[in-house]
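Protein chains: 2
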Amino acid sequence: MSTDLMPNRYIPGEADLPGRESELIARRDEVLGASYRLQYRRPVHFVRGEGMWLYDPDGRAYLDFYNNVPSLGHCHPEVTAAMAEQAARISANTRYLEPKLVDYAERLVDTFPNELDRVVFTCTGSESNDLALRIARFASGNEGVIVSNYAYHGTSAATAAVSPNLGDAVKLSPFVRMVQLPGPAGVPESQAAEFFEAQIRSAITDLNRRGIGVAALLIDSIFSSDGVWVDPPGFIAGGVAAVREAGGLVIADEVQPGFGRTGEHMWGFERHGIVPDLATLGKPMGNGFPIGAVVGRRAPMDQFGATSRYSNTFAGNTVGIATADAVLTILQRDQIPEKALAMSQRLRAGLEKLAMLPYGISGIRNAGLFFGIDLGLDGTTPASRRSMALNVVNAMRDDGVLVSTTGANEDTLKVRPPLVCQAEHVDQFLAAMERALIKIAG
Amino acid sequence: MSTDLMPNRYIPGEADLPGRESELIARRDEVLGASYRLQYRRPVHFVRGEGMWLYDPDGRAYLDFYNNVPSLGHCHPEVTAAMAEQAARISANTRYLEPKLVDYAERLVDTFPNELDRVVFTCTGSESNDLALRIARFASGNEGVIVSNYAYHGTSAATAAVSPNLGDAVKLSPFVRMVQLPGPAGVPESQAAEFFEAQIRSAITDLNRRGIGVAALLIDSIFSSDGVWVDPPGFIAGGVAAVREAGGLVIADEVQPGFGRTGEHMWGFERHGIVPDLATLGKPMGNGFPIGAVVGRRAPMDQFGATSRYSNTFAGNTVGIATADAVLTILQRDQIPEKALAMSQRLRAGLEKLAMLPYGISGIRNAGLFFGIDLGLDGTTPASRRSMALNVVNAMRDDGVLVSTTGANEDTLKVRPPLVCQAEHVDQFLAAMERALIKIAG
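Taken in sequence, the protein lines are chains A and B.
If you read the first sequence in numbering that gives the first Met the number 0, its first letter stands for residue 0, the second for the next number, and so on.
If you read the second sequence in numbering that gives the first Met the number 0, its first letter stands for residue 0, the second for the next number, and so on.
By construction, these hints were calculated from the structure, which means they are not laboratory data.
Wrong hints could be hidden among the right ones.
Residues of chain B placed beyond 10 Å of chain A at every Cβ, according to the derived structure [said to hold, decoys possible]:
{"id": "1", "residue": "P183"}
{"id": "2", "residue": "E193"}
{"id": "3", "residue": "R209"}
{"id": "4", "residue": "L353"}
{"id": "5", "residue": "S386"}
{"id": "6", "residue": "G399"}
{"id": "7", "residue": "Q421"}
{"id": "8", "residue": "K438"}
Have a look at the derived ranges for each label pair, beta carbon to beta carbon [as the list claims (entries may be wrong)]:
{"id": "9", "chain 1": "A", "residue 1": "E114", "chain 2": "B", "residue 2": "D28", "range": "10 to 20 Å"}
{"id": "10", "chain 1": "A", "residue 1": "R297", "chain 2": "B", "residue 2": "T328", "range": "41 to 51 Å"}
{"id": "11", "chain 1": "B", "residue 1": "E84", "chain 2": "A", "residue 2": "P11", "range": "28 to 38 Å"}
{"id": "12", "chain 1": "B", "residue 1": "R208", "chain 2": "A", "residue 2": "G210", "range": "17 to 27 Å"}
{"id": "13", "chain 1": "A", "residue 1": "E114", "chain 2": "B", "residue 2": "G12", "range": "25 to 35 Å"}
{"id": "14", "chain 1": "A", "residue 1": "N113", "chain 2": "B", "residue 2": "L376", "range": "50 to 60 Å"}
If the Cβ cut is set under 10 Å, some of the chain A residues that face chain B in the computed set are [unchecked claim]:
{"id": "15", "residue": "V43"}
{"id": "16", "residue": "F45"}
{"id": "17", "residue": "G48"}
{"id": "18", "residue": "V78"}
{"id": "19", "residue": "P98"}
{"id": "20", "residue": "E126"}
{"id": "21", "residue": "M300"}
{"id": "22", "residue": "A305"}
{"id": "23", "residue": "F313"}
Note that the Cβ used here is the ideal one computed from N, Cα and C, for glycine as well.
Just need the whole structure built from these sequences, with the hints factored in.
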C-alpha cells in the first residue's frame, strides 16, 4: 500500500452523495490544493458542536470519539469566553511585557518534572517539533534523528523528513534512522525493553559510523501512528539512556499524549518513567486555538536561545495564552485526567467483552483515552483486515459515531474521544461498535 | 555586528525600570527560553488596544506605527465578533465539509491574478514559506534557493536556513545563495534591473555547476529586512524570468507586503508587474488570529498534493476562516488599501519636509504604508548611525510612539502602521518624529 494515501477518505464516485454535497466538493476540489483529503466515504459536514457532539445541517447528532484537539469538548463555553474576552481587550506579542504570558508559562512548567523549567511558545505541534529539532541539533552538534518505523511528527520540511508515516512521496532526511517497535515486531513484552534498546544502539552505531552522530531520539510515547503501541510502560527507558550516552537529546512528542490524554499522568513520557530533555506540545493545548510549545531543560534551551533569535509572530500572543490558560485551569480544576482514566477503564472493559465475541477484534491497546483496536478475523490477509477496518469506520460514521484508522496496515481503529466523555457516551460508543461489527463481520 | 542580536531590545541594567516591571522581567527570564527578546530599552506593557492605540497600565496611550499584524487596527470589533461567534458555534477541521472554507478560499483566490487559483491554509507565515519551499523543491526536482542578502523568511528549520538576517549562529543551508540588491549596493535605479538579473544568473550558474539546481527564488517584494528597498518598481522582473528559465519557481513572500500594505495593490508582487508561481501569506490575514496560506498555480500545487499529504491540524479550521473572512470583507468594503495609499502619500510628504531639515534623515523609501527611513548625519560611521537610529526609536517610545529599526546596519527606521491610520495619526507621528530627531540629532 502506498501510505501517502490516507485510507479513510472520500474517493470521488465511491458513494452516492446528495447534490448539495457533490456540488460543494466540486467547488472545494477546484480551489483547494490537491494535498487536502476528506474523511469517510461519505464526508461529514457539521454546523454546530457541543461537548461530545457534532451536529450536521439536518440536525443529526454525531458522537465524537475521534477528535483529540477539543479535549474539553467542542466549543467549551469557558474557553471560548476567555478567548473572546481577551481578543476584544488586547492581543500583545511576546516582545512586550505581559504578566499573563509569564503567569501561564509558570503554571505550564509547574506541571512538568523539575528538570524541565523553560518554555518557548509556538502555534502548532509541527512548529514545536521543528523547533525542538533545531534546539537538539544546535545543542548536540549532531544531525541524526531516530524515530519509530511509522512515526509522524509534523508537516514542516524538517519534521516531514523524519515522518516515515507520510509515505514514499515525501522524502526522508538522509540523517533519520527508523527503529522497529517491539509490539508490531511480535516481540513479547518481557523482551520489549531489551529489543528496543538494541534497535536504538544499532541506529546510533550507524549514525556514528557515517559521522552524522545522534542529535535526538524523537518519540510519541504512545506511538499513535505506529498503531498505539503503549506497553509495557517503561520499555523505552534503555533506548533513552543509550541516546543520552551518545550525546543526543530525548524529545518527547506530547502533541497527542499530552495534557492528560493518558489519564494517569499529565504527560505521556511519565508513563514510561523517563524525563526527556525537550517536550513538544500542540493539539489540545488551546482546545482548538492554534497554540503549541516546547518545554525543556535549561541547558539546551539557553544554549540555543543565547545566540539564535526565535521570533514567532503569533506564538504566545495574549489571546492564545488566555485561551490555553482557561484550558489548563479547567483540566486541573475539574480533574479531567482522573475522570478520563475512569472512562478509559470502562471503555476497555466493554471492548474486552466485545472481543470475546467472534466479531474480529484481535487486539486492544490503550493509554488512558487513546485506544488502538486491531480488527481482522482469524487467518485473513492484511488487505482484508484493512478493508474490514475501513468498513467498520464507515459503518460507524453512518450510524453517527466518529472514529478512524491507524497503524502500518491501517487495520487498527484509532479511538480518542474528548477527555470529557462520560459513562453514557462510552456505552453509546460500545453499542455502536457492536452494531458495526455485526454488520461487517457478523 | 553580530546580527543575531536584535538591536532594538531591552538589555538588563541599561535603563532604570520601576520595581513592578523589573520583577516581571526577572520572572519572565526565569521561565521563558533565552530565545525571547523584549523590545525597547524600557520595555512596554499594554493592557488595552483600540484601533491605532495601545494603552499601558497607567492609562497612557501609545500610537502604534509599527505593528503590521493588526492591519485593521487593534481589536477590530467586527473581526473579534466574527471569531467569537464562530468559536462558540463550531470549529471544524478541513477533513470535514465546510462551505465557509470553500467560500473564503474562492474569495481569497479571486484577489490574485487568474494564474494563481489554488490555496492551502497554514497557521503562520513561517509555515507558508516552509510549505512553499517543499512544493518548489518537489515540483522543480531541484534543491537550490535564492534569497536577498539580508532576507528573513521564517522560524522553521527550512526557512531559518534561508534567512541570512538571523545572523551567524543560525546555520545557512548549503543550498541557499544570497544575491545583492541594487539599492544597498549603490547601483543607480537606471541599472537596477540589469544588476539584479546578473546577480540571479550568477547564483543560478553556481547552483547548476554544483548539481544543486534552482528550486526557487524566494523574495519579499519590499525587501523589508534588507532595509525596505522597493524601487524602481519592476526591477526584479529579469531575475524572475531567469529563475523560470532555469526550471525554478518564483515564490512571492507576501507575509509583509500582502493584504494591501502597499496601497496600490492587494499583493506586493503586483507592484513589480510579475506573477509568481506561489505566494505566501501570513501576518495580517486574520488581524492577529494565527492563519496563513500558500496561494499558487495549479501545476506545482497539484503535482505536490497528488502524492504528498499535507495535514495541518489547526490550519483552515472554521474559526480561523471566519476571522480571515471578516478581515477580507472589511479590507474590500472599507477600501482600506486605497485609504492607506492616501495616508502613505501624506506621510511621505511630511517626511520629505523633515528631511530638508538638518536632523539626519538621509533616505526615505516606501511602498504604501511600509516605510524605511535612513538615519545618520553626514560623514558619520555605521556604528554611530545605528546608535542614532536606536536613540530615535527609544526617544519616540518614551514619547508614546512605536517604531523599530531594520536593514543590514539597523540604521533604518521601520515604520508600518496599521492600515487604518488617518491624517491625524500621520500628523501626530510626524510631530513625534521631529521631536525625537531634535532631541537626538538637533
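*Would the hint on A:V43 stand, with a C-beta cut-off of 10 Å toward chain B?*
It holds, given that the least Cβ distance between A:V43 and chain B is near 5 Å, below 10 Å.
_Hint check, A:P98 versus chain B [nearest Cβ-Cβ separation less than 10 Å]_ = holds, 6 Å
*Could one say that the CB atoms of B:E84 and A:P11 fall in the range 28 to 38 Å?*
With a Cβ separation near 33 Å, B:E84 and A:P11 satisfy 28 to 38 Å, so the hint holds.
_Range hint compliance [Cβ, A:E114 to B:D28, 10 to 20 Å]_ = Check passed, 18 Å falls within 10 to 20 Å.
*Given the range 25 to 35 Å, decide if the beta-carbon distance of A:E114 to B:G12 lies inside it.*
holds, 29 Å
_Distance restraint hint 17 to 27 Å, applied to the beta-carbon atoms of B:R208 and A:G210_ = Taking Cβ atoms as reference, B:R208 and A:G210 lie about 25 Å apart, which means the hint holds.
*asked:* So, as I understand it, the hint says A:M300 touches chain B; can you test that by seeing if any CB pair is closer than 10 Å?
replied: holds, 5 Å
_Interface exclusion of B:K438 relative to chain A, criterion Cβ beyond 10 Å_ = holds, 24 Å
*Interface hint outcome for A:E126 [beta carbon to chain B under 10 Å]*: Hint holds; A:E126 Cβ to chain B Cβ min 7 Å, cut 10 Å.
_No chain A beta carbon within 10 Å of B:S386's_ = holds, 20 Å
*Taking the least C-beta to C-beta distance, is A:G48 closer than 10 Å to chain B?*
With a closest approach of 4 Å, the A:G48 hint holds.
*Does the CB of A:A305 sit less than 10 Å away from some CB of chain B?*
holds, 5 Å
The structure shown violates none of the earlier numbered hints.
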